[in-house]
Amino acid sequence: AQKITQTQPGMFVQEKEAVTLDCTYDTSDPSYGLFWYKQPSSGEMIFLIYQGSYDQQNATEGRYSLNFQKARKSANLVISASQLGDSAMYFCAMRTNRDDKIIFGKGTRLHILP
Amino acid sequence: DGGITQSPKYLFRKEGQNVTLSCEQNLNHDAMYWYRQDPGQGLRLIYYSQIVNDFQKGDIAEGYSVSREKKESFPLTVTSAQKNPTAFYLCASSISEQGYYRGNQPQHFGDGTRLSIL
Chain D
1 AQKITQTQPG
11 MFVQEKEAVT
21 LDCTYDTSDP
31 SYGLFWYKQP
41 SSGEMIFLIY
51 QGSYDQQNAT
61 EGRYSLNFQK
71 ARKSANLVIS
81 ASQLGDSAMY
91 FCAMRTNRDD
101 KIIFGKGTRL
111 HILP
Chain S
1001 DGGITQSPKY
1011 LFRKEGQNVT
1021 LSCEQNLNHD
1031 AMYWYRQDPG
1041 QGLRLIYYSQ
1051 IVNDFQKGDI
1061 AEGYSVSREK
1071 KESFPLTVTS
1081 AQKNPTAFYL
1091 CASSISEQGY
1101 YRGNQPQHFG
1111 DGTRLSIL
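Which chain is which? The protein sequence lines are D and S, in order.
109 is the number that the working numbering gives to position 109 of the first sequence; each next residue is one higher, with no gaps.
Take any residue in the second sequence, note its place counting from 1, add 1000, and you have its number in the working numbering.
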């Protein structure tokens, strides 16, 4: 069965520090994509970063990077130099080549402290 | 600009009433989705559609219905059979391609509709 697990329901981090949000996944499909989304309190879902199962290098997008460890089935999001505006809910998601369904984790609520 | 439009932003339903949530996209995406989100929780898939005139049930389809008569539109009806409809509803779309490239297509989301019971 396909599954996404986010084990941190909430995190508090001091502004300007780096933060790592954990995500592990399970799939038997060899071809898949992993995504991270940010959901501010206003509710919209903002796509942050993508990692493909065949990608050799870890994905990076500005202050966001994805620490992809395929053997451990882990796809942690790293936010460098955190800012107050990073306070939000963060969701890890997976899409496989099998169909068009995308599976979401339960999310991690990140609080950045001034 | 291309995007997904959900309306209304807020919706109130009386007991025993059906209500329809609108979702329109101009991204030329084949696949469209409806999710339900309860406070402090993740997203649960209600229905999704990969092509016009076809759709599949997600994990929590009971009490909901959809149609896909046009590529751009995927309305969701919350029926009176849905006993606990108060939630935040998100519509999404993505490219749907057969084969290798499907896995790398992210979903694009609308801004959501908050549904409450009167």
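Accuracy of the hints is not assured; some may be wrong.
Stated by the list, open to error - Pairs of lysine-lysine residues, derived as PhoX-like cross-links and limited to a Cα-Cα distance of at most 25 Å, are as follows:
no.	chain 1	residue 1	chain 2	residue 2
1	S	Lys1070	D	Lys106
2	D	Lys106	S	Lys1071
3	D	Lys3	S	Lys1071
4	D	Lys101	S	Lys1014
5	S	Lys1070	D	Lys3
6	D	Lys70	D	Lys16
7	S	Lys1083	D	Lys16
8	D	Lys106	S	Lys1014
9	D	Lys101	D	Lys16
As the list claims (entries may be wrong) - Residues from chain S shown here face chain D by an in silico Cβ test under 8 Å; the list is partial:
no.	residue
10	Gln1105
11	Gly1112
12	Ser1116
What the hints assert, rightly or not - Here are some chain S residues pointing at chain D (derived, C-beta under 8 Å):
no.	residue
13	Val1019
14	Thr1020
15	Asn1026
16	Leu1027
17	Ala1031
18	Phe1055
19	Ser1080
20	Ala1081
21	Phe1088
22	Gln1107
23	Phe1109
24	Asp1111
It is worth saying that the hints were derived from the structure and are not from the lab.
Just so we're clear, the structure is a prediction, and the values are computed from it rather than from any experiment.
Where a beta carbon is used, it is the ideal one built from N, C-alpha and C, also for glycine.
Structure versus earlier hints - violations, ascending order: Those not satisfied are hints 1, 2, 3, 4, 5, 6, 7, 8, 9, 12, 13, 14, 15, 16, 18, 19, 20.
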